[in-house]
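Novice: Just need the whole structure built from these sequences, with the hints factored in.
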Amino acid sequence: MTLSSPANDSDRTHFERSLLRVQQDVLRMGTLVEESFRMSHQCLFEHNLDAAQQIIPLDKRIDRYYRQIERDCATLMTLQAPVAQDLRLLSAFMQLVRDLERIGDYAQDLTEIAVKLVKYQPHDCFDQIEAMSEHAQLMLATSLVALADLDRSAGEKVKKLDDTVDEAYDHLYQILANQNNIPGVVEPLLLLGLTIRYLERMADHATNIAQRVSYIVTGQRS
Amino acid sequence: MAAVDFALGLIVGLGFYYWKRQQFKHQLRLVLKSFSPRGDWVSSLPPISLMRRELTYVYQQKRNLEQQIQTWQQLVEQAPIGFLRIDEENRLLWCNQKARKLLSIDRWQPEQVRLLLELVRSYELDCLIEKTRQSQQKQVQEWTFYYTHYASTSQQESSVNIAKKIESLALQGYGFPLPEKQVGVFLLDCQALVELSKSREEAFSDLTHELRTPLTSIALVAENLIKRLNNPELRWVEQMLQEVNRLIDLVQDWLDLAQLQADPYQSLNYAVVELRSLIFSVWHTLQPIAKKQEVTLVYSGVDKINMEADRSRLIQVFLNLLDNCIKHSPVGEQILLEVKLVNKNNTSAKEDATIEIDIIDSGSGFAPADLPYVFDRLYRGDKSRTRQGQTGKTSSSRGSGLGLAIAKQIIEAHQGFIEANNHPQTKGAWLKIRLPLREKLTIDNRN
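So the protein lines, in turn, are chains F and X. Residue numbers for the first sequence follow our numbering, so the first one is 1 and each next one is one higher. Residue numbers for the second sequence follow our numbering, so the first one is 223 and each next one is one higher.
Everything labelled a hint here was simulated from the structure, so no lab data went into it. Only a predicted model underlies this, so the values are computations on that prediction, with no experimental measurement involved. Be careful, since some hints might not be right.
As the list claims (entries may be wrong) - If you only want the chain X side, here are some residues facing chain F, beta carbon under 7 angstroms, derived:
{"no.": "1", "residue": "Leu337"}
{"no.": "2", "residue": "Glu340"}
{"no.": "3", "residue": "Arg343"}
{"no.": "4", "residue": "Tyr345"}
{"no.": "5", "residue": "Cys349"}
{"no.": "6", "residue": "Thr370"}
{"no.": "7", "residue": "His371"}
{"no.": "8", "residue": "Ala373"}
{"no.": "9", "residue": "Lys387"}
{"no.": "10", "residue": "Leu391"}
{"no.": "11", "residue": "Tyr487"}
{"no.": "12", "residue": "Gln637"}
Said to hold, decoys possible - Think about it this way: if two alpha-carbon atoms lie no more than 25 angstroms apart in a straight line, the pair counts; the simulated SDA-like pairs of lysine to any residue are:
{"no.": "13", "chain 1": "X", "residue 1": "Lys284", "chain 2": "X", "residue 2": "Ser256"}
{"no.": "14", "chain 1": "X", "residue 1": "Lys387", "chain 2": "F", "residue 2": "Arg21"}
{"no.": "15", "chain 1": "F", "residue 1": "Lys160", "chain 2": "X", "residue 2": "Glu389"}
{"no.": "16", "chain 1": "F", "residue 1": "Lys116", "chain 2": "X", "residue 2": "Val564"}
{"no.": "17", "chain 1": "F", "residue 1": "Lys116", "chain 2": "X", "residue 2": "Gln488"}
{"no.": "18", "chain 1": "F", "residue 1": "Lys60", "chain 2": "X", "residue 2": "Ala493"}
{"no.": "19", "chain 1": "X", "residue 1": "Lys514", "chain 2": "X", "residue 2": "Gly623"}
{"no.": "20", "chain 1": "X", "residue 1": "Lys387", "chain 2": "F", "residue 2": "Ala131"}
{"no.": "21", "chain 1": "X", "residue 1": "Lys387", "chain 2": "F", "residue 2": "Glu112"}
{"no.": "22", "chain 1": "X", "residue 1": "Lys387", "chain 2": "F", "residue 2": "Asn48"}
{"no.": "23", "chain 1": "X", "residue 1": "Lys449", "chain 2": "X", "residue 2": "Thr430"}
{"no.": "24", "chain 1": "F", "residue 1": "Lys60", "chain 2": "F", "residue 2": "Arg21"}
{"no.": "25", "chain 1": "X", "residue 1": "Lys526", "chain 2": "X", "residue 2": "Lys562"}
{"no.": "26", "chain 1": "X", "residue 1": "Lys387", "chain 2": "F", "residue 2": "Asp170"}
{"no.": "27", "chain 1": "X", "residue 1": "Lys562", "chain 2": "X", "residue 2": "Pro658"}
{"no.": "28", "chain 1": "X", "residue 1": "Lys387", "chain 2": "F", "residue 2": "Glu134"}
{"no.": "29", "chain 1": "F", "residue 1": "Lys160", "chain 2": "F", "residue 2": "His171"}
{"no.": "30", "chain 1": "X", "residue 1": "Lys654", "chain 2": "X", "residue 2": "Arg599"}
{"no.": "31", "chain 1": "F", "residue 1": "Lys119", "chain 2": "X", "residue 2": "Ala493"}
{"no.": "32", "chain 1": "F", "residue 1": "Lys116", "chain 2": "F", "residue 2": "Glu134"}
{"no.": "33", "chain 1": "X", "residue 1": "Lys449", "chain 2": "X", "residue 2": "Ala425"}
{"no.": "34", "chain 1": "F", "residue 1": "Lys119", "chain 2": "X", "residue 2": "Thr576"}
{"no.": "35", "chain 1": "F", "residue 1": "Lys159", "chain 2": "X", "residue 2": "Asp328"}
Backbone N, C-alpha and C fix where the C-beta goes; we use that ideal spot for every residue, glycine too.
Specialist: See below:
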């Protein structure tokens, strides 16, 4: 099963056409969010500080899509009164864009952290945080692919992936919290603490997206 | 009587039939005339056989065309560049092998029409398609395509453990408008080019690194020789030492540049710097050459301004820029240097504040054709802006062609911005620098 249903052009109704447009907007927004996540990653780990400026217009576009999709979904639900899977699809979209938008916001926060963090020596556990960020991106990609394919097993799958991020979060938190030889100011540690927190939240939102995809297909909340 | 009636009816019927037939033949001829452009049909043949012949011909032609289309399709499928065909609603109609490889489209089946965004999550590609459709003109775009791996059902464990989760690929896309609001996209792989230029730079850096040690020992030997030699050998060795020192400076500049580019932010040591006194101290070191050219510096703008920056790097920037200015100023002219404080968003928040520095000389300026390249390494457009002619006179004769490149690299590491232009009034070079002021600062106007 796929997101865009293969129907002939001639016998497609106005509703199906509108639905296709909304689906496309959701996917576009997903692409943008993925890109801002990637930019935050480059900003943090590859010292590409230009990304901190580039992400601002990106975030505005994400916000615009968020509002537009929500409005379109509401219009379609009231005017066309869809049932069954179409209704689940629309209501899931409304929730899902919220998750996407949050991930975009966290990505922007991460770039701000990166700008502050650049002055300090990189911490020992930086590599682990990088791996954590990459893993969270993989989760987001998996969720978006699941959305395109309407994969019913997505929720479970991404939930399993999320465990890795949670473990990494606990582990890194312990490292940062138990550090006792702090050279100079405490700011880099604070920033790293926030970074892993944001990454953990982003992974959580990605999991939510995948679970909503499962809900669209099965109609059951996991 | 009945026989006559019958004969009459028969004649009328036959006449009617004959008339209809003639009409039908006439119509057939008309149809043949209008649809067959060849016009070589023999009119003596009955029109129905002409029609049959025409139909066979059309059918044959159709088969030929189909075959041609198939050949083209096979060719495009095997083409070394990627091709995508997108319909009005941004659904992928067809893509060739290379496109599938470049964009990592692994979930596409030819008979399944799906949204392009379901298969390729690339915002730039989406923009290119949209732009082509809107403008109905050919569009070109370059971008780096990132592909994030995802965990698929079949190989869940293995795909999680792959070493690289995100891959990047430099792409160039050409969008062409097609009928019915469709769009065709060609994709070129530019990754090899990017890697090549990177490896070239690395090779060059390695080379300069290797050059440094022998050059230093040559310089040491030359210095020792000077003490023991008399003219005319002394003069030769002195000249050699000068040239060796110039080479050492060039190598050092290149290494600096390479380091700044590789790791721009870590190589800076931030401290509070007072800009005005820094500029004047730089000017002081440049006094010997400035006196010779009788060039003066006119400073205007903020009196005292503290900013956070790397002091020695900033000195290097102004040394390079002012040195350039002096060398290109006519005798007795002025160099204008203006420092302004700009608030981007009209807020009083000091984090938003930027310092704007304009350096204007009255020399010959940059040639307009050179403007886009003046910050490139070793670029010597106009020969008058190179410093070949003045070997030796200054102790730090940096005739390397790297001065502006280094300045730009340092400014950008400070998250600033530098721009070269020609000043409309003086016709000389006009360098505009913008630097963020950063926090922890105090601005005292006429303190």
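Novice: Hint by hint, say whether it matches the structure.
Specialist: So, going through the hints one by one against the coordinates:
1. Leu337: holds (5 angstroms)
2. Glu340: holds (3 angstroms)
3. Arg343: holds (4 angstroms)
4. Tyr345: The hint holds - tyrosine 345 (chain X) has a Cβ within 7 angstroms of chain F, the shortest such distance being about 5 angstroms.
5. Cys349: violated (10 angstroms)
6. Thr370: holds (4 angstroms)
7. His371: Nearest chain F Cβ about 6 angstroms off; hint holds.
8. Ala373: holds (5 angstroms)
9. Lys387: Holds, about 5 angstroms.
10. Leu391: violated (13 angstroms)
11. Tyr487: This hint holds: tyrosine 487 (chain X) lies near chain F, its Cβ roughly 4 angstroms from the closest one there, short of 7 angstroms.
12. Gln637: holds (6 angstroms)
13. X:Lys284 <-> X:Ser256: Given that 25 angstroms is the threshold and the Cα spacing comes to 19 angstroms, the pair holds.
14. X:Lys387 <-> F:Arg21: The hint is violated at about 30 angstroms.
15. F:Lys160 <-> X:Glu389: holds (23 angstroms)
16. F:Lys116 <-> X:Val564: Holds - the C-alpha atoms of valine 564 (chain X) and lysine 116 (chain F) are around 22 angstroms apart, at most 25 angstroms.
17. F:Lys116 <-> X:Gln488: holds (12 angstroms)
18. F:Lys60 <-> X:Ala493: violated (34 angstroms)
19. X:Lys514 <-> X:Gly623: Holds - the C-alpha atoms of glycine 623 (chain X) and lysine 514 (chain X) are around 22 angstroms apart, at most 25 angstroms.
20. X:Lys387 <-> F:Ala131: Holds. Lysine 387 (chain X) to alanine 131 (chain F) sits at ~9 angstroms (cutoff 25 angstroms).
21. X:Lys387 <-> F:Glu112: Given pair lysine 387 (chain X), glutamate 112 (chain F) holds - Cα atoms ~24 angstroms apart, limit 25 angstroms.
22. X:Lys387 <-> F:Asn48: The hint holds at about 19 angstroms.
23. X:Lys449 <-> X:Thr430: Status violated; Cα separation ~29 angstroms.
24. F:Lys60 <-> F:Arg21: Holds - the C-alpha atoms of arginine 21 (chain F) and lysine 60 (chain F) are around 20 angstroms apart, at most 25 angstroms.
25. X:Lys526 <-> X:Lys562: holds (11 angstroms)
26. X:Lys387 <-> F:Asp170: holds (22 angstroms)
27. X:Lys562 <-> X:Pro658: At roughly 12 angstroms apart (the allowed maximum being 25 angstroms), proline 658 (chain X) and lysine 562 (chain X) satisfy the hint.
28. X:Lys387 <-> F:Glu134: holds (7 angstroms)
29. F:Lys160 <-> F:His171: Holds, at roughly 17 angstroms.
30. X:Lys654 <-> X:Arg599: Given that 25 angstroms is the threshold and the Cα spacing comes to 19 angstroms, the pair holds.
31. F:Lys119 <-> X:Ala493: Holds, because 11 angstroms separates the two Cα atoms, which is no more than 25 angstroms.
32. F:Lys116 <-> F:Glu134: Holds, at roughly 21 angstroms.
33. X:Lys449 <-> X:Ala425: violated (38 angstroms)
34. F:Lys119 <-> X:Thr576: With a Cα-Cα distance of about 19 angstroms, the restraint between lysine 119 (chain F) and threonine 576 (chain X) holds, given a limit of 25 angstroms.
35. F:Lys159 <-> X:Asp328: Measuring from Cα to Cα gives roughly 24 angstroms; hence the hint holds.
Hint compliance for this structure: hints 5, 10, 14, 18, 23, 33 are not met, and every other hint is.
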